[in-house]
Amino acid sequence: VKGGRKAIVIFVPVPQVKAFHKVQGRLTRELEKKFSDRHVVFIGQRRMMRKPTRGTRQKQQRPRSRTLKEVHEKILEDLVYPTEITGKRIRFHTDGSKVMKVFLDSKDATSLEYKLDSFSSVYHRLTGKTVHFEFPTVQEI
1 VKGGRKAIVI
11 FVPVPQVKAF
21 HKVQGRLTRE
31 LEKKFSDRHV
41 VFIGQRRMMR
51 KPTRGTRQKQ
61 QRPRSRTLKE
71 VHEKILEDLV
81 YPTEITGKRI
91 RFHTDGSKVM
101 KVFLDSKDAT
111 SLEYKLDSFS
121 SVYHRLTGKT
131 VHFEFPTVQE
141 I
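Residues in the sequence shown are numbered consecutively from 1, following the working numbering.
Honestly, the hints are just simulated from the structure, not real lab data.
Result set (EDC-like, lysine to aspartate or glutamate): computed pairs, CA atoms no more than 20 angstroms apart in a straight line:
id: 1; residue 1: K6; residue 2: D37
id: 2; residue 1: K115; residue 2: D105
id: 3; residue 1: K115; residue 2: D37
id: 4; residue 1: K129; residue 2: E77
id: 5; residue 1: K107; residue 2: D117
id: 6; residue 1: K107; residue 2: E134
id: 7; residue 1: K69; residue 2: E84
id: 8; residue 1: K22; residue 2: D108
id: 9; residue 1: K129; residue 2: D95
id: 10; residue 1: K115; residue 2: E73
id: 11; residue 1: K22; residue 2: E84
id: 12; residue 1: K129; residue 2: E73
id: 13; residue 1: K74; residue 2: E84
id: 14; residue 1: K74; residue 2: D105
id: 15; residue 1: K101; residue 2: E77
id: 16; residue 1: K88; residue 2: E77
id: 17; residue 1: K18; residue 2: E84
id: 18; residue 1: K88; residue 2: E70
id: 19; residue 1: K101; residue 2: E73
id: 20; residue 1: K6; residue 2: E32
id: 21; residue 1: K115; residue 2: E77
id: 22; residue 1: K22; residue 2: E32
id: 23; residue 1: K74; residue 2: E134
id: 24; residue 1: K33; residue 2: E113
id: 25; residue 1: K88; residue 2: E113
id: 26; residue 1: K129; residue 2: D117
id: 27; residue 1: K18; residue 2: E73
id: 28; residue 1: K107; residue 2: E77
id: 29; residue 1: K88; residue 2: E73
id: 30; residue 1: K18; residue 2: E70
id: 31; residue 1: K101; residue 2: D117
id: 32; residue 1: K74; residue 2: D117
id: 33; residue 1: K115; residue 2: E32
id: 34; residue 1: K98; residue 2: E70
id: 35; residue 1: K88; residue 2: D105
id: 36; residue 1: K6; residue 2: E113
Remember, it's a predicted structure, so these values are computed and weren't measured experimentally.
Start from the sequences, fold in the hints, and give me the full structure.
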């Protein structure tokens, strides 16, 4: 993570993710107290299946939950869990690189503002995709 800080990623089996969400707030606070200077993140341990090719014989169709896109989406949701993702934009640079902008719910801005850098670096480390987290600015009319 930027600035010499570190993040702790805890992988949780997928069937237990829902139960972990119930206690995640308290557990995160306690672990961050214990490991000072580190952000704690809970992510579901998911598996991807490779895309079927002509050379492989398919006995069953690949479930949607095992596709690369779906697994990366779920990692993103788990990463920012207490808040919700309100929107996404993919920006293409002239050199061909992509940057995904993820807009989070603005009501949680105060509690998550300091973690955004660690979220983006953890996501980049797990998936190899560059992502920026933002809170949308509300325009008054």
